[in-house]
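Keeping their order, the protein sequence lines are chains A and B.
For what it's worth, this note's numbering labels the leading residue of the first sequence as 1, then goes sequentially.
For what it's worth, this note's numbering labels the leading residue of the second sequence as 1001, then goes sequentially.
To spell it out: a stretch of chain A is covered by chain B in this simulated footprint if at least three of its residues, at any positions, have a beta carbon under 8 angstroms from a beta carbon of chain B; those stretches are: (1) 85–92; (2) 97–110; (3) 114–127; (4) 131–142.
With a cut-off of at most 27 angstroms between alpha-carbon atoms, the simulated DSSO-like pairs for lysine-lysine come out as follows: (5) 1330/B with 1073/B; (6) 1216/B with 1330/B; (7) 1060/B with 121/A; (8) 1063/B with 140/A; (9) 114/A with 139/A; (10) 1119/B with 1266/B; (11) 30/A with 20/A; (12) 78/A with 114/A; (13) 30/A with 64/A; (14) 1443/B with 140/A; (15) 114/A with 1073/B; (16) 140/A with 121/A; (17) 1330/B with 72/A; (18) 113/A with 1073/B; (19) 1330/B with 113/A; (20) 121/A with 139/A; (21) 1443/B with 139/A; (22) 114/A with 1063/B; (23) 114/A with 1119/B; (24) 1073/B with 140/A; (25) 1323/B with 1266/B; (26) 1443/B with 1119/B; (27) 139/A with 1119/B.
Think of the hints as simulated: they come from the structure by calculation, not from any bench.
On a predicted model such as this, the values are computed, not experimentally measured, just so you know.
A virtual CB, placed ideally from N, CA and C, is assigned to each residue, including glycine.
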Amino acid sequence: MASSSSNLISLKTSDGTVFKVERALAKTMKTVQAIIEEADANIYMIPIHNVFSHHMDMIIDYYKLSVAGKSKEFSVEKLDNDELKDFLLAVHYLNMEDLFEVLTQAVADRLEKKSVGYVRKYFGIENDFTPEEYAAIRKKNDWAFKGDDIEPEEDEEKQEE
Amino acid sequence: MKRKKHSIPSPRVSQRSNKAKGKVVDELCPYFDNIPSHITVQILLQLPIESLLICKCVCKMWKTLISEPHFAKLHFERRPSLMIRTKDHRVSRTLYLLECQPEKFEIGTDNHVKLQPFKLPLRDANSKFGEKQNKIKNKSKCPYIASKPDLDKFGIVNSCNGLLCLCDPSNGNPLVICNPVTGEFIRLPEATTTPTLNTTRVTREQRLTALGFLPKTNEYKVIKMLVRYGKRVNDRESVILEINTLGTPSWRNVEADSQVSIPLLKYPTCVNGALHWIGFEGGFAGRPRSILCFCLESERFQSFPSPPQVFGNHNNTTRGNSKITMGELKGFLYICDSTFFTDVTMWVMNDYGNGESWTKLYNIDPLVSSFGSPDPSPYLSHYGLCFPIKHFEEGAAVLLYHPCNWFIYYEPEKYGFKVFQIHGPDPNFVEIIPHIPSLISLKDVVKGDNIEVLNIHSRCAKFKLHEENEALSLSQPIDGDLESLRSLFYYDSD
Chain A
1 MASSSSNLIS
11 LKTSDGTVFK
21 VERALAKTMK
31 TVQAIIEEAD
41 ANIYMIPIHN
51 VFSHHMDMII
61 DYYKLSVAGK
71 SKEFSVEKLD
81 NDELKDFLLA
91 VHYLNMEDLF
101 EVLTQAVADR
111 LEKKSVGYVR
121 KYFGIENDFT
131 PEEYAAIRKK
141 NDWAFKGDDI
151 EPEEDEEKQE
161 E
Chain B
1001 MKRKKHSIPS
1011 PRVSQRSNKA
1021 KGKVVDELCP
1031 YFDNIPSHIT
1041 VQILLQLPIE
1051 SLLICKCVCK
1061 MWKTLISEPH
1071 FAKLHFERRP
1081 SLMIRTKDHR
1091 VSRTLYLLEC
1101 QPEKFEIGTD
1111 NHVKLQPFKL
1121 PLRDANSKFG
1131 EKQNKIKNKS
1141 KCPYIASKPD
1151 LDKFGIVNSC
1161 NGLLCLCDPS
1171 NGNPLVICNP
1181 VTGEFIRLPE
1191 ATTTPTLNTT
1201 RVTREQRLTA
1211 LGFLPKTNEY
1221 KVIKMLVRYG
1231 KRVNDRESVI
1241 LEINTLGTPS
1251 WRNVEADSQV
1261 SIPLLKYPTC
1271 VNGALHWIGF
1281 EGGFAGRPRS
1291 ILCFCLESER
1301 FQSFPSPPQV
1311 FGNHNNTTRG
1321 NSKITMGELK
1331 GFLYICDSTF
1341 FTDVTMWVMN
1351 DYGNGESWTK
1361 LYNIDPLVSS
1371 FGSPDPSPYL
1381 SHYGLCFPIK
1391 HFEEGAAVLL
1401 YHPCNWFIYY
1411 EPEKYGFKVF
1421 QIHGPDPNFV
1431 EIIPHIPSLI
1441 SLKDVVKGDN
1451 IEVLNIHSRC
1461 AKFKLHEENE
1471 ALSLSQPIDG
1481 DLESLRSLFY
1491 YDSD
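Sequences are here, hints too, so could you generate the full structure?
Shown next, in the form of structure tokens:
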């Protein structure tokens, strides 16, 4: 196993910024940990291609909070949907379990009680049901669409196939 | 959805043409649709049932993901909740889901939140659908059908893995297993006639039924028991025990161990592949004395260690006053004792089968001691029932149900107390069923063609009962501070 005399690991993000992080934090990133373990010699700098510096900032924030036992205070509310998705994919790349679960929950919270159209738009998914198939599946699960807080299906009438 | 594991697609914002529509649409995030399905699954697992059913309509891939039995199993048990049903003179085919998520319960003092309704099948449905089916011409109208409680109402026995066991309320005979969330249900095989015994020596009988799950074989079993007690104290009971493994077309007679004496049993709870009941001594309004366990694998009764501290206390209670319930949460057996308002306690068996592992979680006397007076108003003498909501590792929470349709949600660390009230047309009698909604499909349970899986939504979509026009809603009449709670219980509230 490559050993480093210092306790800091250097990570270089896609936008060229170098972050020096504690070994313990690097350990929570399984992808990074695997790179360290596979290297024969000392690694000076580990490139993390799919991660940007604003992601690293948040990751470091989360790490600090969780070390202090305050991981519940970590919030991604200020991120818009795009940014949250970005962040989720970055954390997924780095293979960080805890933070990944926090972020998937955050995405789920944003999708909760939203309409089918909203969810499709959010994920960029196209409807591949025929009108009959869609009608059948809607009818079967009709009760779920009747909640007061669920957004109305805006594009229902516009649906065309 | 194909995507290389560590690759990142190109720039964030791009324009994409939508072939079908022929116009250019700004995509929010062009590569999010290339998200690997396992990330999608992780997100979907965190959604509540309602949203999942909406997501099923998003596209075929998602429908498949969500419909997989494995997904249902993973999703299950993330959100404990309760079902409520009005217990009055009507058929009461509607169950309302009360989800216990206090974070979402900041509804303020003026709002009423409607509870999500689910339908149960009708007991005597066949006679209705025969005649009425042909008379429906105008589909946009929803005709009302007559229903009779004594014919149509089901009693609810217990809930296991998101499935409800329904029975004939007059004799406790189990009739139907259903999943209220998916609307599926199956009818249990017809009862074989029980042999008549010499009734001169029988003083009373007990009919018992319960639904349980055996993880080892992934089977659900319904047990049905008729216990007849003789007149004399030393008379052995006669027990007729029948079991139906869901998916098989008949009931099997099983020999019951005559060594095990069977008291009055209540609160069937399935944990770890076995059914458990609290045994009450002294008949109908007796005192809790023991826990009886029926192992679903060996199909035998076994003794089971009960928390002596709890049951021992009841020596001094007057009959009929014991308010004790048993339940299951995340594979652990819980006992909640709300008999003594000075000491509402919750116990969990940390190590299944080990009598010494019964641990007291907490008493809720901070609530009660604040009321001070040793002779409080009559409302306080019965807290009603107590249900575990959150596992202790997650902060432990309890729901107290007060007979006047107040719910007190108590989570000591985070939320303290929150008080809710149920409103409805005639909500004074409400039945509570601990239930965890799940997407588990009866088709996977039943495996094979022996039993037909029916669906409420397809059969009853055209019909409504008059009672379905009404709905139950939840309000939060006061902020949950102790001062307000005190005023609530001291004065007659409306």
